[in-house]
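Visitor: Sequence:
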Amino acid sequence: MTLSHSKSESFRIFDAISDRYDLINTVLSGGLHYIWRKALRSALPQRFDSLRVLDLATGTADVALEVCKDERVQSVRGLDMSKGMIAYGERKVEKKGLSSKIELLVGDAQHIPFADESFEATTMSFGIRNVPDVVACLRESHRVLRSGGRCLVLEFALPRSRIIRSFHLFYLRNVLPLLGRWLSGHQTAYTYLNETIEEFPYGEDFLALMRRAGFKQPQFKSLTGGIVHLYWGDKT
Numbered sequence: 001m002t003l004s005h006s007k008s009e010s011f012r013i014f015d016a017i018s019d020r021y022d023l024i025n026t027v028l029s030g031g032l033h034y035i036w037r038k039a040l041r042s043a044l045p046q047r048f049d050s051l052r053v054l055d056l057a058t059g060t061a062d063v064a065l066e067v068c069k070d071e072r073v074q075s076v077r078g079l080d081m082s083k084g085m086i087a088y089g090e091r092k093v094e095k096k097g098l099s100s101k102i103e104l105l106v107g108d109a110q111h112i113p114f115a116d117e118s119f120e121a122t123t124m125s126f127g128i129r130n131v132p133d134v135v136a137c138l139r140e141s142h143r144v145l146r147s148g149g150r151c152l153v154l155e156f157a158l159p160r161s162r163i164i165r166s167f168h169l170f171y172l173r174n175v176l177p178l179l180g181r182w183l184s185g186h187q188t189a190y191t192y193l194n195e196t197i198e199e200f201p202y203g204e205d206f207l208a209l210m211r212r213a214g215f216k217q218p219q220f221k222s223l224t225g226g227i228v229h230l231y232w233g234d235k236t
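When you number the sequence shown by the working numbering, it's gap-free, plus one each residue, and the end is 236.
Worth flagging that the hints you see were computed from the coordinates, not collected in a lab.
Some hints could be false.
To be verified - EDC-like, lysine to aspartate or glutamate: derived pairs with alpha carbons at most 16 Å apart:
hint, residue 1, residue 2
1, K83, D108
2, K101, E71
3, K101, D70
4, K92, E199
Fair warning: this is a prediction, and the values are worked out from it, not measured in the lab.
Let the sequences and hints guide you as you build the complete structure.
Guide: Structure below.
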């Protein structure tokens with residue numbers, strides 16, 4: 001599949017829709033994104049009494065704010081290529097009174113600007129399919145984790161059930177682009193979303209990428225009938 005936008009330039013799409021992104025997410029997911037983020041938070045590593053978390057492709061800081069509901073989280077660093085998304089996220093963090101705990105930075109998940117073993121957990125929610133070099137991103141995540149730390153990735157997938165898959169593909173190809181265009185005012189942003197979902201490796205294929213990056217026994221579970229997968233891998 002030929003994508004309508006280069007992945008290396010995809011952050012420009014998010015710059016263009018940053019002020020409407022949260023509303024669009026809620027509408028297009030039917031509010032299910034709240035459930036998916038809660039599942040990610042529940043999978044944070046239990047072996048540590050305190051957690052430093054790095055949230056990659058942090059966007060408007062929804063995951064950063066969600067993980068702070070775990071009382072063990074001492075700090076969150078959010079990284080994203082989109083200045084517009086970061087600026088919007090900073091306003092949300094300030095409104096929640098969490099500016100002392102959450103810091104958002106413009107940066108590339110393929111070149112994480114933190115030292116080795118700086119975090120107990122890394123998270124990434126619906127962003128890794130936009131990264132040009134997925135294995136490089138996962139290797140960087142592995143590098144900045146301390147021993148016993150956990151990498152958590154939420155990402156869209158295609159359901160195994162033929163019936164559910166057919167309905168889901170119809171939604172992705174026909175309904176989502178029209179709704180996304182109407183809500184965002186951007187002509188191609190949500191066509192690009194559909195394209196990346198369909199072409200991105202998922203399930204066992206994504207676990208193979210995690211193993212290449214150094215995670216020894218990565219696992220995943222399906223959410224909402226298989227339209228989303230939660231992946232995790234620990235650093236030994």
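Visitor: Does K101 pair with D70 here, judged by a C-alpha cut-off of 16 Å?
Guide: holds (12 Å)
Visitor: Taken at face value, is the distance from the CA of E199 to the CA of K92 at most 16 Å?
Guide: Given pair K92, E199 is violated - Cα atoms ~32 Å apart, limit 16 Å.
Visitor: For a C-alpha distance cap of 16 Å, please report whether K101 and E71 respect it.
Guide: With a Cα-Cα distance of about 12 Å, the restraint between K101 and E71 holds, given a limit of 16 Å.
Visitor: For a C-alpha distance cap of 16 Å, please report whether K83 and D108 respect it.
Guide: Holds, because 12 Å separates the two Cα atoms, which is no more than 16 Å.
The structure fails to meet hint 4 from the earlier list, while all remaining hints are met.
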